[in-house]
Amino acid sequence: MTGTLAAIGAGLAVIGAGFGIGKIGGAAMDAMARQPEAAGKIQTAMIIAAALVEGVALFAVVVALIA
Amino acid sequence: MRIAPQFLRSILLFGLIVFSFQATFAQEIEEESGKFDPKELINGHVWDAHEFHIADWNGHPITLGLPVILWTDNGLTTFSSTRFQHDNSGEVVVEENGNKFVRYKEHIFYADKFDKEKFEETSTLARPFMYEDRPLDFSITKAVFSMFLTVVILLLIFGFSARHYKKNKRAPRGLAGFIEPLILFVRNDIAIPNIGENKYQKYMPLLLTIFFFIWVNNLIGLIPFFPFSGNVTGNIIFTMIMALFVFIVTIFSGNKYYWGHILNPPVPAPLKVLMIPIEIVGMFTKPFALMVRLFANITAGHIIILSLVGLIFIFESAMVSPVSILFVLFMSVLELLVAALQAYVFTLLAALFIGQAVEEAH
Numbered sequence: 002m003t004g005t006l007a008a009i010g011a012g013l014a015v016i017g018a019g020f021g022i023g024k025i026g027g028a029a030m031d032a033m034a035r036q037p038e039a040a041g042k043i044q045t046a047m048i049i050a051a052a053l054v055e056g057v058a059l060f061a062v063v064v065a066l067i068a
Numbered sequence: 092m093r094i095a096p097q098f099l100r101s102i103l104l105f106g107l108i109v110f111s112f113q114a115t116f117a118q119e120i121e122e123e124s125g126k127f128d129p130k131e132l133i134n135g136h137v138w139d140a141h142e143f144h145i146a147d148w149n150g151h152p153i154t155l156g157l158p159v160i161l162w163t164d165n166g167l168t169t170f171s172s173t174r175f176q177h178d179n180s181g182e183v184v185v186e187e188n189g190n191k192f193v194r195y196k197e198h199i200f201y202a203d204k205f206d207k208e209k210f211e212e213t214s215t216l217a218r219p220f221m222y223e224d225r226p227l228d229f230s231i232t233k234a235v236f237s238m239f240l241t242v243v244i245l246l247l248i249f250g251f252s253a254r255h256y257k258k259n260k261r262a263p264r265g266l267a268g269f270i271e272p273l274i275l276f277v278r279n280d281i282a283i284p285n286i287g288e289n290k291y292q293k294y295m296p297l298l299l300t301i302f303f304f305i306w307v308n309n310l311i312g313l314i315p316f317f318p319f320s321g322n323v324t325g326n327i328i329f330t331m332i333m334a335l336f337v338f339i340v341t342i343f344s345g346n347k348y349y350w351g352h353i354l355n356p357p358v359p360a361p362l363k364v365l366m367i368p369i370e371i372v373g374m375f376t377k378p379f380a381l382m383v384r385l386f387a388n389i390t391a392g393h394i395i396i397l398s399l400v401g402l403i404f405i406f407e408s409a410m411v412s413p414v415s416i417l418f419v420l421f422m423s424v425l426e427l428l429v430a431a432l433q434a435y436v437f438t439l440l441a442a443l444f445i446g447q448a449v450e451e452a453h
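As given, the protein sequences belong to chains A and B, one line each in that order.
Heads up, the first sequence is in my numbering, so the first residue is 2 and it goes up one at a time.
Heads up, the second sequence is in my numbering, so the first residue is 92 and it goes up one at a time.
Treat the hints with care, since some could be wrong.
When the alpha-carbon atoms are kept at most 27 Å apart in a straight line, the in silico DSSO-like pairs for lysine-lysine are as follows [what the hints assert, rightly or not]: (1) B/Lys-257 - A/Lys-42; (2) A/Lys-24 - B/Lys-196; (3) B/Lys-347 - B/Lys-363; (4) B/Lys-191 - B/Lys-209; (5) B/Lys-293 - B/Lys-257; (6) A/Lys-24 - A/Lys-42; (7) A/Lys-42 - B/Lys-377; (8) B/Lys-130 - B/Lys-207; (9) B/Lys-191 - B/Lys-130.
Facing chain B, from chain A, some residues (calculated, C-beta under 7 Å) [stated by the list, open to error]: (10) Ala-52; (11) Leu-59; (12) Val-62.
Since the hints were derived computationally from the structure, they do not count as laboratory data.
Source: prediction; values computed, not measured.
Ideal Cβ placement from N, Cα and C applies to all residues, glycine included.
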C-alpha cells in the first residue's frame, strides 16, 4: 500500500511541476513575441527557472522513493 | 574559432549510435527466477557496488573486482572484492588479517556481528552507519573509480589546453579553442554577474571545478559501457559533499553585512522575531536544495532510461524494441541536456550564494 501511495504522491508532484514549467514556458513565449531581440536572455532565464521548479518537484519524488 | 560542420555531424552520429546501444548492455536478466525484475536492474545500475559488473557471458557475470579497503580493529585490511564471489546475501565469509567479513547488500560486516533481521529493521538512512558491527569502509567502489576517471579526464583536457597558452600568444585552436568559450562562459555569465567584478577571481577555481566536475560526471553516468557507466552524481552522498563545500565557502567568506542580514535583518521588531529563524533555516536549506536537485535529476534520468530498456524484457517481445529504443534515444538526448543544465544550475546557485555572502552594503 505504501508503494502505491508513494507512486500517487510522485504523480501529484509531477502535476505541479508540469503546471509550473508550462506557465514559465508560456510567459517566455509571450515575452519573446513582444521583443524578439531579447530572445536569448529570455531563453536563458526560462531554462534557469525551469530547472529550479523541476528541483522542487524532484524533492517530492525523492521523498516518494524513500517511502 | 569555428568547429567544422563535418566534425559536429560525426560527433552527433557517434553519440546517437552509442546511446542506441543502451539496450544491448542490459543483460542482467536473472535466469534462475525466470521472471525479469525491473527493480533489480535499476538497483544494480543506480546504487554503488564494490565490483564493476561489465557483462554476462553464458549466465556467468563478468566483473572487475575493485579493491576493498577496510579500517578494522586490526588496522588497514585490503583485499579484492572478487573474494566475495558475487555474493550479496551475507553467506560467503572472507577471512583476512585476523577478521572475518561478510557482505550483505553491498554493506560489509564483521562475520560474527552480522544479523540479517537487525539490518532489515534499520531504516535505509541509518544503514550505512551501523558502526558497532561494521569496519570503516574506504573501498574503491564503482563511484570512486568513476570519480578518479573523471579526474583523469579533466586533468588531461585542461592540461593540454593550458599547454597551448604557454606556447603561443595567438587565439587558441583545437582543444584549447573548444575549452576557452566554456571557461569564459563561467567567468562572464556565472561568476561576474553574481559575485562582482572585484571579488570573483578568488572563487573562479571553485566554480570552474564544480561546473566541469559535475558535467563530466553526469556524462560518464550516461555512457552505458565499461569503464564509463558508474553513477557518481546520482549518489546522494556525493552531491551532499559538493553542497557541503559550497556551504563552507559561503560561511567562511561571509562578511559582516551578510551576517548582519541574517542575524539582524532590517525589518520592524515584530517581524524580526519571525525572520531570524527563517533566515537561519534558509542558510541550511539552500545547500540542501542544491544537493537534492542534482541527485534527483540525475537519478530520475537514469531510472527512466533503465525502465524503458527494461520494457523490452517485461514484454518479452522483440517487437517492443524499436519503440523502446526510440524512446531511450530521445530520453538520452534529453539527459545530455539535463547533464549540462544541472551542472550550470549548480554552479550558478553556488555563485549566487557566494555573491550574497561577499556583497557590500548598498
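Taking 27 Å as the top limit, are the C-alpha atoms of B/Lys-293 and B/Lys-257 close enough?
-> 22 Å, holds
27 Å Cα cutoff - pair A/Lys-42, B/Lys-377 = 25 Å, holds
Given the hinted pair A/Lys-24 and A/Lys-42, is their alpha-carbon gap at most 27 Å?
-> 18 Å, holds
Hint validity - A/Ala-52 Cβ closer than 7 Å to any chain B Cβ = 4 Å, holds
Between B/Lys-257 and A/Lys-42, does the CA-CA distance stay at or below 27 Å?
-> Roughly 35 Å between the alpha carbons, so the hint for B/Lys-257 and A/Lys-42 is violated.
Within a Cα-Cα threshold of 27 Å, do B/Lys-191 and B/Lys-209 meet the stated pairing?
-> With Cα atoms ~19 Å apart, B/Lys-191 and B/Lys-209 stay inside 27 Å; holds.
B/Lys-191 paired with B/Lys-130 [C-alpha distance capped at 27 Å] | 31 Å, violated
Are B/Lys-347 and B/Lys-363 close enough, with their CA atoms no more than 27 Å apart?
-> Holds, at roughly 18 Å.
Would you mind confirming whether the straight-line C-alpha gap from B/Lys-130 to B/Lys-207 stays at or under 27 Å?
-> 21 Å, holds
Can we keep the A/Val-62 interface hint, with Cβ of chain B closer than 7 Å?
-> 6 Å, holds
Return the status of the interface hint for A/Leu-59: holds when the least beta-carbon distance to chain B is below 7 Å, violated otherwise.
-> Holds. Min distance 3 Å.
Holds or violated: are the alpha carbons of A/Lys-24 and B/Lys-196 at most 27 Å from each other?
-> The given pair, whose Cα atoms are some 43 Å apart, is violated under the 27 Å limit.
Checked against the numbered hints given earlier, the structure breaks hints 1, 2, 9 and satisfies all the rest.
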